[in-house]
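A.B. asks: The primary structure of each chain is shown beneath.
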Amino acid sequence: MILLEWILFLFLFLGLVFLMGKYMSSVYLGEDTFFTVIGKPLENLIYKTSGINPAEEMNWKQYGLNLVIFNLLGCLVVFLLQVIQGYLPLNPIHAANVHWDLALNTAISFMTNTNWQSYSGESTLTWLVQMLGLTVQNFLSAATGMAAMVAMLRGFTRKETDKIGNFWVDLTRGTVYILIPLSILFSVFLISQGVLQTFHPYQHFYTMENQSQVLPTGPVASQVAIKQLGSNGGGFFGVNSAHPFENPNGLTNIFEMAAILFLPLALVLSFGYMVGNIKQGLAFLISMLVILLLGTGIVWWAEMLGNPLLIKYGIAHGVSMEGVESRFGVLISSFWGLLTTATSNGSVNSMHDSLMPITTLVYMFNMGVGEVVFGGVGVGIIGMLYYALLVMFLAGLMIGRTPEFLGKKLGPREMYLSVIALLVPPILMLIFAAIALMIPSTVGCMNNSSAHGLSELLYAFLSGAGNNGSAFAGLNTNTLYYNFSLGITMFISRFVTILPALAIGGSLAEKKSIPESSATFPTTGILFIAMLIAVVIIMGSLTFFPVFTMGPLLDHLFMIHGKVY
Amino acid sequence: MKSDKSLILFNTKMLKEAIRDSVIKLNPLTLWRNPVMLIVEVGAVITTIYSLIELKSGTGHYFSLQVSLWLWFTVLFANFAEALAEIRGKGRAQSLRETQTELTANRQKPDGKYETVSSIQLRKGDTILVKEGEIISGDGDILSGTALVDESAITGESAPVIRESGGDRTSVTGGTRILSGEILVKVTSNPGDTFLDQMIKMVESASRQKTPNEVALEILLIGLTILFLVVIITLPVFAGYMSVKTTITVLISLLVCLMPTTIGGLLPAIGIAGMDRLIQHNVIALSGRAVEAAGDVNVVLLDKTGTITLGNRMADELILAEGISRDTLVESALLSSLPDETPEGRSIVTLCKTEKGIKGKDIRTPRDAAFIAFTPQTRMSGVRIGSRVIMKGSYDAIEEMILASQNRMPDDIHAKADEVARQGDTPLVVADNERVLGIIRLKDIVKQGIKGRLKQLREMGIKSVMITGDNPLTAASIAAEAGLDDFIAQAKPETKLSLIRKYQENGNLVAMIGDGTNDAPALAQADVAVAMNAGTQAAREAANMIDLDSNPTKLLDIVETGKQILITRGALTTFSISNDVAKYFAIIPALFAAQYPELNILNIMHLTNPASAVLSAVIFNALIIPLLIPIALQGVRMKSASASAILKTNLLIYGFGGLLLPFLGIKIIDIFLKLAGLV
Amino acid sequence: MTTITRSLRMLIVMTIMTGVIYPLVITGIAMICFPVKSTGSLVYSQGRVIGSELIGQKFTFPGHFHGRPSFCDYSTLPSQGSNWGPGNSVYLSTLKQRAVNYREENNLSSVQVLPPDAITFSASGLDPHISLENALLQVSRVATARRIPENKVKQILFVEAARDKAIFQKPVVNVMKLNVALDSVGGIY
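As you go down the protein sequences, you meet chains A, B and C in turn. Heads up: the first sequence runs through residues 1 to 565, numbered per this note's numbering. Heads up: the second sequence runs through residues 1 to 679, numbered per this note's numbering. Heads up: the third sequence runs through residues 1 to 189, numbered per this note's numbering.
Keep in mind the hints are simulated off the structure, nothing from the lab. Don't take every hint at face value.
Below, in silico cross-link-like pairs of lysine to aspartate or glutamate (EDC-like), each with a Cα-Cα straight-line distance of 16 Å or less [as the list claims (entries may be wrong)]:
hint, chain 1, residue 1, chain 2, residue 2
1, B, Lys131, B, Glu115
2, B, Lys356, B, Asp316
3, B, Lys443, B, Asp557
4, A, Lys512, A, Asp162
5, C, Lys165, A, Glu209
6, A, Lys22, A, Asp162
7, A, Lys409, B, Asp316
8, A, Lys61, A, Glu516
9, B, Lys455, B, Asp316
10, A, Lys563, B, Asp368
11, C, Lys170, A, Glu5
12, A, Lys512, B, Glu505
13, B, Lys186, B, Asp141
14, A, Lys159, B, Glu505
15, C, Lys177, A, Glu209
16, B, Lys639, B, Asp557
17, C, Lys58, A, Glu209
18, A, Lys511, B, Asp141
Simulated restraints on C-beta separations [stated by the list, open to error]:
hint, chain 1, residue 1, chain 2, residue 2, range
19, A, Lys61, B, Gln504, 49 to 59 Å
20, B, His606, A, Ala316, 34 to 44 Å
21, C, Glu104, A, Gly297, 50 to 60 Å
22, A, His317, C, Glu150, 24 to 34 Å
23, B, Arg637, A, Phe18, 36 to 46 Å
24, A, Thr161, B, Glu115, 27 to 37 Å
25, A, Asn91, B, Ile601, 24 to 34 Å
26, A, Phe18, C, Asn151, 44 to 54 Å
27, B, Gln377, A, Thr161, 33 to 43 Å
Don't be surprised by glycine CBs; every beta carbon is placed ideally from N, CA and C.
Work out the full structure: start from the sequences and follow the hints.
C.D. replies: Here it is, written out as structure tokens:
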């Protein structure tokens, strides 16, 4: 009976994903949809007020410049709002101005779609910052990611031109036609289930046993909706989606999981529709699903195995509910973690620090390979395309042809850009994590010692480098070094993912399109899928084998062998 | 020469030279070109110093020393592979070069007299006289004279060839010998620029330009190297946090094992060996880029004549127009062909003589007859005897001619010509002063084996297109017989160029073989342009490859070689990266298991001890390079099959095999080391 | 320069749309359609707010069902979990202590197998639910304290549990609502 509900839900969900995939491709191609009646006037209004000529076409450098400047300005606004929040209205808890390093970290974090939180929203930020700063960046960083993806795809569909579209148009369409309508629908659903949406002041009261408690309030639903849809993940509250006011019951939980997956999944299909090769989209989708299923198997195995140390205290089967909400349970909670690390969402509904080490190893792996299993909105497919270019390069050589993908020849330039995009984030991550270990005070920020402490540290930097945002929350990262190094990691990783994508788009757009022949390696078949999966897994393993051995694997072995720290 | 092209990998002399060169190549300044190996060398230096310090203090049982030794071997093996490939290629060119430097030439002075100069003094534009028995001292074009030339020195073909002024066989190559005749040659290249020099350059890595694919691959390899450098540099910090002490020797060992040393070491050899294999096919490529482009070709343009058919069409039958007597036709056909020296013309004469029953007798051309030669534009030829003009030519050409004088083609001729063409033969319409007499059936003979080769092309996904001046029906029939994908009938010289452009616009890479001067523009346009060595200088200059055998089906070999170079690179890269997994499983437990015995579960190979594990991995990493030299030099075996099938095979062997082999190899080395008491 | 001005204008327009209009519209809808749910699902007793049915609160009276241990002791500003790793010795020693306390409180034998949620900290520190197994182990204590038959307590528990049964959710019971129901039935505690 329960299984039936899940299956039914899955099918409904997949159906909607397909529709959404098609819809989004229409939106970005500028075709008319059912929403055009409302969207078009709004879109035009935005162009008019911002002084934008939607017909203008940009080359990749112009596109990139506009994108970067716009993002930096957004970042600056979030930063400024925080450091002067104490003087601004909508401050129910009389929060003080945020210290500059935390404010900078948070500003970068939300601008880069990471949504790493070194703070707890309910006790640190004002409503004004949450609305004008964070919610806005939730929309814009997601729309930026999607725009980058669309611009990159134009490289495949266009030929012999250096133009890859208009950033402002892509940004506006993504926001107006996709993110806002979906967020409105989803917010209303969340409110109907008990997620807060109010400007009432914090509620002080005495409990049934006469103890004082405060209920935090605020415009929560409107932010949670976009945080899940836009693979942002930054919670209104510190404990994120474990907080009953963000995620009150099983239904909101499964809908939030669906929202986390919705656009990343649909965008994979949009990619297929937009390059005129839906089979290619499906091939990517299947590759990602296989990696997700592999991960699910490992994670559920680890959680079912549980923590043998707990058995001697009489806990049934050693199932570890530490850091897990009772309404979700370990299986759904660990699956949530898998989804959010796969999609670069970064919201949590359990405390990852307390999950089984092997579970977190899978999470870290997901982030380490750059979150390409669906990935963040837009950037996920970009990341997967980097891997695909790598695969096609090897495959091309191995069939004796200059590598090509979707009818475009791949040269040194594409290789150079893909290698940079794929390797810079892990390199940054390793370097900054290593430096952190050399600073004694920074080591002292760990909540756990030994291998688990190392996991905390690795997780933080993997999360930053992957623009994920979830955390081993035990690690206190509100220190100068962490705020600074994680800020840099997030910043560079974000742009080192997006800018090469635009450059590749520009470079491919200039090339001719090669017709498919029997000599072309079919990139929609099982062989391609298998190779893609293998390359993702092998690349990730080779990069992180040593650190994952010392971190989560050793942590797991200690636990199995009854060693405590 | 032929026997030299056998698949002997090396002989003792080559081996000695290669070993010497591989030591010379240790010079960091030359190794700079191969960053992966440079880093290995730096690592070797560090571990050597470290092991010397260790030796002095008397600790350890020569572990560091053994590791350093194998690291040096890793670099040496890689150098050896490159040196061997270079020597093999050089060897092929060296003997030629020796003869060349000794040469003298008779150079024409401005006053018309000749002087004897060394061939090195010859410059482009000089005119030289070459007599019977002499060796031609530089590449050039024949200005006057005819000669029988022995080109075996460069082609390996023992049968001499005719070279003469005018027409399409005017070019001669330096280093070839004149067997008979005397020619005046205009030199077309400066010393050092001859094909021979080109050939030598191509196999010397120093002057070899890297191809885009090579550059892309190097970017990947350098990227991986940097990544692994960071992994190794940060490793002691993480290990230190976990209270694990790491030694520099083990770290460098791990780094070298992880870096793509296998492909990095063999990469230069693969490229050089590829060029060398091309030379084995008697093709000289003027750039590596062109060779690799050959692997990408989607469309091949083939001239019908000489490539698909034997070239000479033979007159087979005379078909009368209605109301014309046989004698009239025979006589006119004979007259029109008597001065025609083309093989076709001669075959018509032979046929006519047979018809008249005078076979063998000598018939002279009437004294006042003027021959009207065939041109590709008019597509007909004939004679003018006074006011009488007898022409023979393609149906269209004759029709055009008689239409001009207000006559029209008889209906039956149209039908008969069609009938002939439908059977795959060429109808040659004979007209005497605009009166159409009949048709000569020219039979075209398709070359043996061409069908099979074209089928191979199709399996590789390459479309073959025949270009012919024939009418569409004839062309279709031949195309069907030979198994071509497409054909262009009634092509004029310009057609080739526009056809290539058309294909290129659709994103195709086009290869073509040409020989005549009128092929030059098309050759220049084609992505892969192969000129016959026997072709004109113009054609040779427009091409990026020269086929010394002047054998048009050679294109297939070129394509295969191009593909093979890429496949070898791809396969060894995949192999190299897959190998890393096993090396991690050897070294990581060795690093940590002393401190954390729990991690012994990673020691799935059950290696003797940490030192043995590290050493085994390093030795495997070093030994795999020489073991793969044969593959690098001969190329990965390939067959014409679909892309997926090729990939599947290569993935299985080099990907999956590369994953498993090191587990086996490291274990075996470990056992050996234990038995030998080295650890 | 035009890039910067255009960016700035765009940012302002977008901020107004997504940062002002969007949350205000949603709040408007919330006020009209879901006035209770959107303001925290507050529970009143005698006209006084006694909590939110979504937010766990601390129960220590023996006559009340007790919620899960909370690392932040049900404080909300901010709430948090323990973030202890599975092999953390502090975690394990406090866990041991909580197991002992739980068994003592509920008069259980020392070999009684405990449901995992009974002694572990929740993620949010505000978990409003406990598992049915956990609740059942507490029934006898509650009944004794209230001096009402165990069956009566069980009956209320099952009614509440059935009410809390929801799709895609583990079988749990809301501790506060359960205690409110108990209180409305009466009994001394």
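A.B. asks: Decide, hint by hint, whether the structure agrees.
C.D. replies: Structure-based check of all given hints:
1. B/Lys131 with B/Glu115: Distance ~14 Å between B/Lys131 and B/Glu115 Cα, so the pair holds.
2. B/Lys356 with B/Asp316: Holds, at about 15 Å.
3. B/Lys443 with B/Asp557: violated, 29 Å
4. A/Lys512 with A/Asp162: Roughly 12 Å between the alpha carbons, so the hint for A/Lys512 and A/Asp162 holds.
5. C/Lys165 with A/Glu209: The hint is violated at about 26 Å.
6. A/Lys22 with A/Asp162: Distance of about 26 Å is beyond 16 Å: violated.
7. A/Lys409 with B/Asp316: It is violated: about 50 Å lies between the C-alpha atoms, which goes past 16 Å.
8. A/Lys61 with A/Glu516: Violated, at about 30 Å.
9. B/Lys455 with B/Asp316: violated, 29 Å
10. A/Lys563 with B/Asp368: violated, 114 Å
11. C/Lys170 with A/Glu5: holds, 14 Å
12. A/Lys512 with B/Glu505: holds, 8 Å
13. B/Lys186 with B/Asp141: OK: B/Lys186 and B/Asp141 at ~5 Å, within 16 Å.
14. A/Lys159 with B/Glu505: Holds, at roughly 11 Å.
15. C/Lys177 with A/Glu209: Given pair C/Lys177, A/Glu209 holds - Cα atoms ~13 Å apart, limit 16 Å.
16. B/Lys639 with B/Asp557: Since the Cα atoms of B/Lys639 and B/Asp557 sit roughly 12 Å apart, the hinted pair holds (cutoff 16 Å).
17. C/Lys58 with A/Glu209: holds, 8 Å
18. A/Lys511 with B/Asp141: Status violated; Cα separation ~39 Å.
19. A/Lys61 with B/Gln504: 49 to 59 Å: For B/Gln504 against A/Lys61, whose Cβ atoms are near 28 Å apart, the range 49 to 59 Å is violated.
20. B/His606 with A/Ala316: 34 to 44 Å: Between B/His606 and A/Ala316, where Cβ atoms are some 37 Å apart, the hint holds.
21. C/Glu104 with A/Gly297: 50 to 60 Å: Cβ of C/Glu104 to Cβ of A/Gly297: about 40 Å, so the range 50 to 60 Å is violated.
22. A/His317 with C/Glu150: 24 to 34 Å: For C/Glu150 against A/His317, whose Cβ atoms are near 27 Å apart, the range 24 to 34 Å holds.
23. B/Arg637 with A/Phe18: 36 to 46 Å: The hint (36 to 46 Å, Cβ to Cβ) holds, given that B/Arg637 and A/Phe18 are roughly 44 Å apart.
24. A/Thr161 with B/Glu115: 27 to 37 Å: violated, 60 Å
25. A/Asn91 with B/Ile601: 24 to 34 Å: Check failed, 55 Å falls outside 24 to 34 Å.
26. A/Phe18 with C/Asn151: 44 to 54 Å: Hint holds: Cβ distance 53 Å, inside 44 to 54 Å.
27. B/Gln377 with A/Thr161: 33 to 43 Å: Holds, at about 39 Å.
This entry does not satisfy hints 3, 5, 6, 7, 8, 9, 10, 18, 19, 21, 24, 25, going by the numbered hints stated previously.
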